[in-house]
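Protein sequence lines correspond, in order, to chains A and B.
Start counting the first sequence at 1; every next residue gets the next number (the numbering used here).
Start counting the second sequence at 1001; every next residue gets the next number (the numbering used here).
If you are wondering where the hints come from, they were derived from the structure by calculation, not from laboratory data.
Where a beta carbon is used, it is the ideal one built from N, C-alpha and C, also for glycine.
Incorrect hints may have been included.
Partial list, derived from the structure: chain B residues whose beta carbon lies under 8 Å from chain A [stated by the list, open to error]: (1) S1065; (2) F1069; (3) G1084; (4) F1090; (5) Y1104; (6) F1105.
Among chain B residues calculated to face chain A with C-beta under 8 Å, some are [stated by the list, open to error]: (7) R1026; (8) G1028; (9) S1031; (10) Q1041; (11) R1055; (12) R1099; (13) T1102; (14) V1113.
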Amino acid sequence: AQKITQTQPGMFVQEKEAVTLDCTYDTSDQSYGLFWYKQPSSGEMIFLIYQGSYDEQNATEGRYSLNFQKARKSANLVISASQLGDSAMYFCAMRAQGGKLIFGQGTELSVKP
Amino acid sequence: DSGVTQTPKHLITATGQRVTLRCSPRSGDLSVYWYQQSLDQGLQFLIQYYNGEERAKGNILERFSAQQFPDLHSELNLSSLELGDSALYFCASSVSTSRQETQYFGPGTRLLVL
C-alpha cells in the first residue's frame, strides 16, 4: 500500500530563516510523482513543487526546493528565507496509480517575526 | 488562481438534505478528482472522472455520487446528509491521469451540516 508520512504536526521558524518540512513515502511503484501543497488559513490548496521519481536533480521553484532522497524514500521541502506569508499547513502528496493523490497528515508552519 | 472553479464556496444545510457541489476544471484538463478534507480523516480521495467516464473510486459513501458532463464540468451529489459529512470538499483537475502530472485544486466548498 502507498503511504505518505509527515512526522511534524507543527513547526516554528524565525522570519528570514530556512526551514525543512519532513516527508517520507512508501510505494512499490518505480514510477511516481511527489508533490507539496500549501494550505493557508483561507483553505485553498496551492501547488508548490513537484519531483518525479526518475528526476536526478532536486526540484526547485523560487524559495522552495525539494530534497529528494530516493533510497531513503524521503522528499523533504525546504523553504528558504521564510516570510510571514509562509505560515500555513503544508501537505506532502504522492500521485498513485490511476492518478489520485495520497496525502500526508500535514505540517503546520508558523513563521515568527 | 489555479483556474479550477467550484461553487458554492459555502453551504449550510440540515441533516437528511441533499446538496450538489459543482466544479469546472482548468481549460484543457480532462481529468477531475474530488477530495474530502475533514479534521478526523484528513484529505481523502473520493472519486475520479476522465473525459466523462468514472475511472476510480476511493472512500466514497453510497449516499454520494458524482458525474462529469460533456463540457467536462463535474458535480458531486451528497444525499441524506449527516453531521459527519461536514467538511471541505475539493475538486482538482489535470490534463491526464499520469502520475507525473500536477493536479490543480479549486478553492473548495465548505459544507456545514446542522
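In rising order, the numbers of the hints this structure does not comply with: 1, 2, 3, 7, 8, 10 and 14
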